[in-house]
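Participant: I would like the entire structure built from these sequences, with the hints used as guidance.
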Amino acid sequence: MTFEQYSSYFETIKITPLEEQEKPYDNPDYLDYTKLNWSRMNRWLKTGKITEELKNTLQQIYKPQHWIVITEPWCGDAAHITPFL
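Mapping to UniProt numbering: the sequence shown position 39 is 39, numbers consecutive.
Since the hints were derived computationally from the structure, they do not count as laboratory data. Watch out, some of these pointers could steer you wrong.
What the hints assert, rightly or not - In silico lysine to any residue, SDA-like type, Cα no more than 20 angstroms apart, as pairs:
| hint | residue 1 | residue 2 |
| --- | --- | --- |
| 1 | K14 | C75 |
| 2 | K35 | P83 |
| 3 | K35 | E53 |
| 4 | K23 | S7 |
| 5 | K46 | S8 |
| 6 | K55 | K23 |
| 7 | K14 | P24 |
Unchecked claim - Pairwise CB distance ranges, derived in the manner of DEER restraints:
| hint | residue 1 | residue 2 | range |
| --- | --- | --- | --- |
| 8 | F3 | K63 | 17 to 23 angstroms |
| 9 | E52 | Q21 | 38 to 44 angstroms |
| 10 | F3 | N56 | 19 to 25 angstroms |
| 11 | I15 | W44 | 34 to 40 angstroms |
| 12 | P17 | H66 | 32 to 38 angstroms |
No residue lacks a Cβ here, since even glycine has one placed at the ideal position from N, Cα and C.
Facilitator: This is the structure in structure tokens:
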């Protein structure tokens with residue numbers, strides 16, 4: 001799943017009524033976490049900045065990398081980290 005697909009999945013969960021949700025989003029707590037994390041993630045996408053030090057470090061990577069991120073939209077840590085990955 002690409003980041004764009006993840007974002008689309010995330011948004012679908014956010015706008016789907018509780019009674020139509022699949023597990024675990026049929027639990028109001030999980031749905032609330034997801035809505036909060038949508039705001040958090042989008043704030044980072046708009047305002048997040050990568051330091052010059054990190055940019056320089058990343059420019060030193062010459063071999064292609066394939067990263068796999070395992071997360072769910074309800075995960076608060078992912079809301080802060082995924083936009084940067």
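Participant: Compare the structure with each hint and give your call.
Facilitator: Hint check:
At most 20 angstroms may separate the alpha-carbon atoms for a hinted pair to count; K14 and C75 meet this at roughly 13 angstroms. A distance of roughly 16 angstroms separates the Cα atoms of K35 and P83; the hinted pair therefore holds under the 20 angstroms criterion. A C-alpha spacing of about 33 angstroms is found between K35 and E53, which places the hinted pair above 20 angstroms, so the restraint is violated. Taking the CA atoms of K23 and S7, the gap is near 18 angstroms; set against the 20 angstroms cutoff, the hint holds.
The straight-line distance between the Cα atoms of K46 and S8 is roughly 17 angstroms, inside the 20 angstroms bound, and the hint therefore holds. Distance restraint check for K55 and K23: the Cα-Cα separation of roughly 39 angstroms exceeds the 20 angstroms cut-off, and the hinted pair is therefore not satisfied. Only pairs whose Cα atoms come within 20 angstroms are accepted, and K14 paired with P24 is accepted, the gap being roughly 13 angstroms. A hinted range of 17 to 23 angstroms for the beta carbons of F3 and K63 is consistent with their spacing of about 21 angstroms.
Here the CB-CB span from E52 to Q21 is close to 42 angstroms, well matched to the stated 38 to 44 angstroms. The hint said 19 to 25 angstroms for the Cβ distance between F3 and N56, and at roughly 23 angstroms that hint holds. Take I15 and W44: their Cβ atoms lie about 20 angstroms apart, and the range 34 to 40 angstroms is violated. In this structure the hint that P17 and H66 lie 32 to 38 angstroms apart at CB holds, the actual value being about 36 angstroms.
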